[in-house]
Amino acid sequence: MSLAENTTRSIPDRLRSPLRSKVVSWETLLLGVAIGIFVFNSLASPYFLDAWNLSDATFNFTEKAMIAFAMALLIIAGEIDLSVAAIIALASTAMGVAMEMGAGTPVLVLVGLGTGLLCGAFNGALVTKLGLPSIVVTIGTMSLFRGISFIILGDGAFRGYPSDFSWFGQGYVFWVISVELVIFVILAIFFGILLHKTNFGRAVYAIGNNPTGALFSGIRVDRVKMILFLMTGLMAGLAAVCLTSRLGSTRPSIATGMELEVVTMVVLGGVNILGGSGSIPGVVIAAFVMGLVTFGLGLLNVPGIVMSIFIGLLLIGVIALPRLWAMWRKS
Amino acid sequence: MIAHLKSREALLMGAIIVLVSLVATRFPGFVTPSNLVAVFTDTSPLMILAIGQMVVILTRCIDLSVAANLALTGMVCAMINVAMPDLPVGVILVVSLVMGAFLGAINGILVWKLDIPPIVVTLGTMTIFRGIIFLLTEGKWINAHEMSAHFTAFPRATILGMPILGWFGIVVALIAVVAMARTKLGRSMYAVGGNPHAAVYTGINVGRTQFYAFVISGMLAGLAGYLWIARYAVAYVDIAAGFELEVVAACVIGGVSIAGGAGTIIGTLLGALFLGVVKNALPVVDISPFWQLAISGAAIIIAVAFNAQSGRSKGRVILKSAEHAQ
Numbered sequence: 001m002s003l004a005e006n007t008t009r010s011i012p013d014r015l016r017s018p019l020r021s022k023v024v025s026w027e028t029l030l031l032g033v034a035i036g037i038f039v040f041n042s043l044a045s046p047y048f049l050d051a052w053n054l055s056d057a058t059f060n061f062t063e064k065a066m067i068a069f070a071m072a073l074l075i076i077a078g079e080i081d082l083s084v085a086a087i088i089a090l091a092s093t094a095m096g097v098a099m100e101m102g103a104g105t106p107v108l109v110l111v112g113l114g115t116g117l118l119c120g121a122f123n124g125a126l127v128t129k130l131g132l133p134s135i136v137v138t139i140g141t142m143s144l145f146r147g148i149s150f151i152i153l154g155d156g157a158f159r160g161y162p163s164d165f166s167w168f169g170q171g172y173v174f175w176v177i178s179v180e181l182v183i184f185v186i187l188a189i190f191f192g193i194l195l196h197k198t199n200f201g202r203a204v205y206a207i208g209n210n211p212t213g214a215l216f217s218g219i220r221v222d223r224v225k226m227i228l229f230l231m232t233g234l235m236a237g238l239a240a241v242c243l244t245s246r247l248g249s250t251r252p253s254i255a256t257g258m259e260l261e262v263v264t265m266v267v268l269g270g271v272n273i274l275g276g277s278g279s280i281p282g283v284v285i286a287a288f289v290m291g292l293v294t295f296g297l298g299l300l301n302v303p304g305i306v307m308s309i310f311i312g313l314l315l316i317g318v319i320a321l322p323r324l325w326a327m328w329r330k331s
Numbered sequence: 001m002i003a004h005l006k007s008r009e010a011l012l013m014g015a016i017i018v019l020v021s022l023v024a025t026r027f028p029g030f031v032t033p034s035n036l037v038a039v040f041t042d043t044s045p046l047m048i049l050a051i052g053q054m055v056v057i058l059t060r061c062i063d064l065s066v067a068a069n070l071a072l073t074g075m076v077c078a079m080i081n082v083a084m085p086d087l088p089v090g091v092i093l094v095v096s097l098v099m100g101a102f103l104g105a106i107n108g109i110l111v112w113k114l115d116i117p118p119i120v121v122t123l124g125t126m127t128i129f130r131g132i133i134f135l136l137t138e139g140k141w142i143n144a145h146e147m148s149a150h151f152t153a154f155p156r157a158t159i160l161g162m163p164i165l166g167w168f169g170i171v172v173a174l175i176a177v178v179a180m181a182r183t184k185l186g187r188s189m190y191a192v193g194g195n196p197h198a199a200v201y202t203g204i205n206v207g208r209t210q211f212y213a214f215v216i217s218g219m220l221a222g223l224a225g226y227l228w229i230a231r232y233a234v235a236y237v238d239i240a241a242g243f244e245l246e247v248v249a250a251c252v253i254g255g256v257s258i259a260g261g262a263g264t265i266i267g268t269l270l271g272a273l274f275l276g277v278v279k280n281a282l283p284v285v286d287i288s289p290f291w292q293l294a295i296s297g298a299a300i301i302i303a304v305a306f307n308a309q310s311g312r313s314k315g316r317v318i319l320k321s322a323e324h325a326q
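Protein chains in written order, with the numbering used here: chain P, 1 to 331; chain Z, 1 to 326.
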């Protein structure tokens, strides 16, 4: 069994590589890419450099980034949650049901967050209590959660959310600064501190690098993982509140395929998909890069499905290029 | 272990029989031979894909791009048919196998040569393949009247009372059973998944074996692509969307261990058949087809939990070996 452990986590040893400088350089590179795309976009389209358009562009990534922060911690700890988009669907459906029963905005928000938390708890319990691999568990719950939405809604939709509910997805704090953008910034700071400045964050890295070692150094591995699944579920619930509020309606197919974009964002941000390394600033820049790319392509009238080719290429390319580079330098 | 797997297959067989007879008590029409053949034929694409997926999972990988591969290869077959209506079906079959294998090889190369985690590779290629279909067609559909008659008739032509589509399922299953048990590649796949380090010491190239697994999975997806498009006589971007989950579900229900190295063709076929029976029984017993997604999700979770029961003592073993290491 220890052999199996070795092969599934062939993580680069922290002592061998000057990880710190590597991470810093990855983020600077990413920042350079972001600036490059910004400049390219402003040259390619006359509509790009406009405060309101740029404000609109942030909606491309704020909801995904909320989940990506929690997902980053989860992936650093060596687990993954592919059910986040399905959690959004279920949470949104639950809010729709509550709305039909006459719930006001505060209750709707609580229902959305609560559903997310419950889904996260379900995933976390299956992974930590039953010791199941998170990839399969969340592939299963991905069908289950979205399936429940389909059972409730069929081919119908919930519409007619209360007008003050639209504040989350359509409201502005002042001028062009949207509510979602403010939530995004607050969460970025919160998760940045949590991962980089607290014992909990150190435990997350320790678990990702060596779960058995972490267990022997007194870290309650299962409890930390459970908390991470709960946080991911909660963030998916929050994203569901914002997305539902922004769209003003719920269909069971809401946020289809978003798990892919969230994982791409996390990996693009320099988080090792095998666990053990990564940073929140990286994810923040990755969110901007992806938002700018999709917004820029949108201004150039590129259809959504073609953008998904870019996302797919980005996901593979981001991991492949450093490895190709390393192979090339070796030879 | 073998005894356990055997009992799992018996259990699954029993579950399928119970399910079928439960439906039959209220709707006797469900168990007529012709309907059972129809259910089997309907499940055949799932079986073909599940066999390919099982091979990939055996080697500790996962292939989430199979449904997108199916859709892309199927679309290309349909476009070839539109361009050259007189091309014989045999050529189309070869094209579908080669093209599917090529798409699988892309996954395989990325996993083998660049050592990228399979889930990342296939999540990426899944969207890329679907996007390419859109680029090829600009989102247009290819409908029945644009396809030539022999192209769409082939999978539906019956031999001995069963459509050719169903026979494809049987033939692929037979080849797979023999290949997994009797060929070097088949055995090395079990070895790679069971213990990659030991496999290396016995002279097996782990990466190359995984590469071949992806090629096989892709090839079968391509084959299913043509059969699917021809059977339903329509091709569009979103064909078989989300089908990859059902395929993984069939494997997991069939007792294929997601940790690799354990699983049988028979189990996988029964897993696929179980899902096929559920899917076909739902409308008969008047349950909305919208239940199907949730049911296969629940089935995956229950099956994984069930699989894990056999490896329940894992935690203790790790602690023991760690104590030895001290």
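Quick caveat, the hints were computed from the structure, so don't treat them as lab data.
From a predicted model like this one, the values you see are computed outputs, not experimental measurements.
Check the hints yourself; a few may be wrong.
[As the list claims (entries may be wrong)] Calculated from the model, a selection of chain Z residues having no Cβ within reach of chain P, i.e. all distances over 12 Å:
#1 Val20
#2 Gly242
#3 Trp291
[As the list claims (entries may be wrong)] Quick partial rundown of chain P residues pointing at chain Z, CB under 8 Å, derived from the structure:
#4 Val109
#5 Leu113
#6 Leu144
#7 Ile316
Ideal placement from N, C-alpha and C gives every residue a C-beta, glycine not left out.
Violated hints - listed by number, lowest first:
Violated hints (numbers, rising): 2, 3, 4, 5; every other hint is consistent with the structure.
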